[in-house]
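Protein chains: 4
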Amino acid sequence: MPADPPIARLLISCPDGPGIVAAVSAFLFERGANIVTSDQHSSDPTGGRFFMRMAFALEGGEQAWAALERDFGEQVAGPRGMDWRLARVVGPRRVALLASREDHCLLDLLWRASRGELGAVVAVVISNHETTRAAVEAFGVPFVHVPVAPDTKAAAEQAMLEALVGARCDTVVLARYMQILSGDFLARAGAPVINIHHSFLPAFAGADPYRRALERGVKIIGATAHYVTEELDAGPIIEQDVARVSHRAGVDELTRMGADIERLVLSRAVRWHLEDRVLVDGNKTVVFT
Amino acid sequence: MPADPPIARLLISCPDGPGIVAAVSAFLFERGANIVTSDQHSSDPTGGRFFMRMAFALEGGEQAWAALERDFGEQVAGPRGMDWRLARVVGPRRVALLASREDHCLLDLLWRASRGELGAVVAVVISNHETTRAAVEAFGVPFVHVPVAPDTKAAAEQAMLEALVGARCDTVVLARYMQILSGDFLARAGAPVINIHHSFLPAFAGADPYRRALERGVKIIGATAHYVTEELDAGPIIEQDVARVSHRAGVDELTRMGADIERLVLSRAVRWHLEDRVLVDGNKTVVFT
Amino acid sequence: MPADPPIARLLISCPDGPGIVAAVSAFLFERGANIVTSDQHSSDPTGGRFFMRMAFALEGGEQAWAALERDFGEQVAGPRGMDWRLARVVGPRRVALLASREDHCLLDLLWRASRGELGAVVAVVISNHETTRAAVEAFGVPFVHVPVAPDTKAAAEQAMLEALVGARCDTVVLARYMQILSGDFLARAGAPVINIHHSFLPAFAGADPYRRALERGVKIIGATAHYVTEELDAGPIIEQDVARVSHRAGVDELTRMGADIERLVLSRAVRWHLEDRVLVDGNKTVVFT
Amino acid sequence: MPADPPIARLLISCPDGPGIVAAVSAFLFERGANIVTSDQHSSDPTGGRFFMRMAFALEGGEQAWAALERDFGEQVAGPRGMDWRLARVVGPRRVALLASREDHCLLDLLWRASRGELGAVVAVVISNHETTRAAVEAFGVPFVHVPVAPDTKAAAEQAMLEALVGARCDTVVLARYMQILSGDFLARAGAPVINIHHSFLPAFAGADPYRRALERGVKIIGATAHYVTEELDAGPIIEQDVARVSHRAGVDELTRMGADIERLVLSRAVRWHLEDRVLVDGNKTVVFT
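Sequences listed follow chains A, B, C and D, in order. For the first sequence, my numbering gives the first residue as 1, with consecutive numbering after it. For the second sequence, my numbering gives the first residue as 1001, with consecutive numbering after it. For the third sequence, my numbering gives the first residue as 2001, with consecutive numbering after it. For the fourth sequence, my numbering gives the first residue as 3001, with consecutive numbering after it.
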């Protein structure tokens, strides 16, 4: 899909019922908003949940926006019990990347951010290894080294949280970060956390998926980008993709081929998230692409 | 996408501008219509063309529908210069299949229709060869043999038109029909005509695409379903798909692999067309899947 | 890959080591065999296992073949501890299809066999339901109804074994056969058994995979053809393929889309098996396509 | 496929006939060569052309290799009229990258070379624009700026040839180099030249393929890596891949999506070429992956 003009996106989720589209679109039209794209989804027309994303432009300054937000809450969202969010595009989003030794996802996101593909800046890279420092700093991005050892994990997570806060990040991306984050960290991060898992989930959750894929003799490998929850590799899936493999490929070859899938899948998921195209529906996602 | 309940679909195309979604959805809401799915597309938010498909249910009988259709034209569509169509689902659509010797697309569509996948009945099969008669009649579908020779083409097309009219078909599908239809036939058919071309158009338009694909040494072959226009293989594309091939594949193997792509691509295109998901935009299509 | 001419295929698996290709190709060359295609694979050049498939033609009658087979065993295969098999193509292979209510895989294989795509005849269809009898018999294939109830399972399997033996089948294909076969049946069947599972294994092994895929919110669904072993859905995988799905698809839509993948995956696996392209390597397969 | 150990690859193409595999493998075996992988292809078993690639290790120093090469020519290749080449892996291959303003293919190849994926070093980057100098030099690779204007083309090509010779390159890759190279340049380059074209050839050869794809309304876009010949975009295709697009994508979006395909397709083609997996067969290629 094309990038939206720098405007606002209204995200709604609520019990389905008649008249929602009419109410929302009439409200926006009367306020002079110019709807650019609109997407809806109902999990079930009778008794299901309704999801909507509208991207629109609005003339007028801060006051107009504040009034629109207040009035929408009072007049439309409140009466219908909507979960909703008005995401104004007032500047690039700020993303933190967490990485370990592998650089393919990390560099790919840095490169895409630098050429404007993500509509976001990478505000900080945090890694438990020093290996990628030079490559990160070449993009002009601050690199924070937070080593993690079994007995320093709590302190390390505290240091990472401080780095996230200091960089004012609204999204955290695990670009092949190989440490498991605690539930406490996730709760305090104050931002959605997106992970890339190097398998086609739910197959091969956990460690060493390429080796296990080889042992099972699968003919296709994959990668999965998902929101991180406390349960490992079990959060809502944002995007997946796959590649065909033959009996000739060993673990090294699967790892090399997989790296290409991982960076594509993760970059799509991150871009869609940053463009407010992903709505969470329990443990699933609605993705308006 | 899921099949719609048996309801109506409103298809709109018009110059883009503010308030269209609000106007249409308010109109339908006030009439008691229950919108099930809604899709929009703007070819360009400033000065482009706007396309919309809304599927909705409506309580009430024929009169309610007639009033809704009349009022929509007068109150909404007319003032905005809309091209529009209200497609009510009052029974299965009626499709004619034209075929020659190859049976793979023909049988696949007959089988899908018979299990209810298309929301349509195959009202007649017309072929310039007798070879598939038994297989067609086993589905309980009338088979009409209209042989075509260079000097009998006009008469043959006349006979085919009569068969189409007799079967009251609203869609014509060329299931690997190997004769070129005249512009006169297309004009008089009174129904959209969908063709499957056995290449990834615009590559290898015209005759013998698999042989030419082999000679060019492509690594991927494809198939294209498109609306038929007078210019050969140049009409609006509805759907395409591809398959990877290796240097090992000769023409026979390409033809065999291609047959699998052809029947998938054609069946998707026909289903989307019959579900009113395809809107023509000049020589392109908007497909709301 | 192209179909082989009607000849013989030599399948070999043995510990890897120097000189195997030289020994085999020299043996065949000296006997006047004309090698048409040759494929090799080593699971590991140092200490791994070596797999080879050679398709070749040979002048001379039964005696020449018998001598070749005897001498190869004595002179080449024996000294090197080869597992090997000489598969002569002396007529179409004979396949049994087991089915239940779903007809998509069943009809697809019947249709492909009838047009010569499989190099095999379907010798018998056995089903625990009567629903597909007419469609099967229209292909001229015997239909055997063997109902299965919890307390008649052993007798049912006995009846099925008798039908297999009576039809002299060398391959058994479960074309969405929904009963679990006992280890005893598998042992006594005397032929490889190929199954299609309607998920991307190892994800969603067991019952109701499309519903579970929907609940997990995956973005891609798949199908897996594998040899049947006693452990459910755990045998060596022959082929897999996938299709992308969106949040719009419910279970019915996943099932419909999945049916298209299933029949493609199963038909490829069956064809490759019948062309002796699949060599089993523990719980994995080497597939020479 | 897995990377070969650092050994030698024997590439053969000759008229097909009996005994070739036996002769070659016996020759290598007798010399103590340990064949690691072996691939064959016959364009037609009767009267076609035969292609073979064998990767093997050999004990012994320079003298053993020299003797093997001389004897193979005299004893095996000469009598059978083989085109052949013994490619010893004695160090990384040396690649020149030609680029213009776009950096995605350029950076991707530099990154893959730096992590050892290509088995090659990028010996020089030549560009007609200065824009990517810093990024290139960050990889420690020499950057040569050769501006091209209509009236300086001959001089520019001369400067580029000198840079190629100075860098002792055995492969030239056009990583979205936007100037057309003369036949004279190609003849004098003394190395194969690989190009990435941003369409699914033969569709949309020439300029501005994404805009033309949009205008034609295709549902899938692609990229093609091919050897460069004098005829524009008509050389032997090495690799192609595609991505599905919707009616929502404008030219910018197609360009962004296409960039991801281009860099994957080009990197695969370059790697296969550098591993001697690509044999040219007239205007087609045999690719042993």
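Simulated from the structure, these hints should not be mistaken for laboratory data. Mixed in with the good hints there might be a few duds.
[What the hints assert, rightly or not] Mimicking EDC-like on lysine to aspartate or glutamate, the simulated pairs with C-alpha atoms at most 20 Å apart in a straight line are:
id, chain 1, residue 1, chain 2, residue 2
1, C, Lys2284, A, Asp208
2, B, Lys1284, D, Asp3208
3, A, Lys284, A, Asp83
Owing to the predicted nature of the structure, the values given are computational and were not obtained by experimental measurement.
Structure-based check of each hint:
Using a Cα cut-off of 20 Å, the hinted pair Lys2284/C and Asp208/A holds, with the two alpha carbons roughly 18 Å apart. Between Lys1284/B and Asp3208/D, the direct Cα distance comes to roughly 18 Å. Compliance with the 20 Å bound is thereby established for this hinted pair. With a C-alpha separation of about 16 Å, the suggested pairing of Lys284/A with Asp83/A holds against the 20 Å cut-off.
Consistency note: the structure conflicts with none of the earlier hints.
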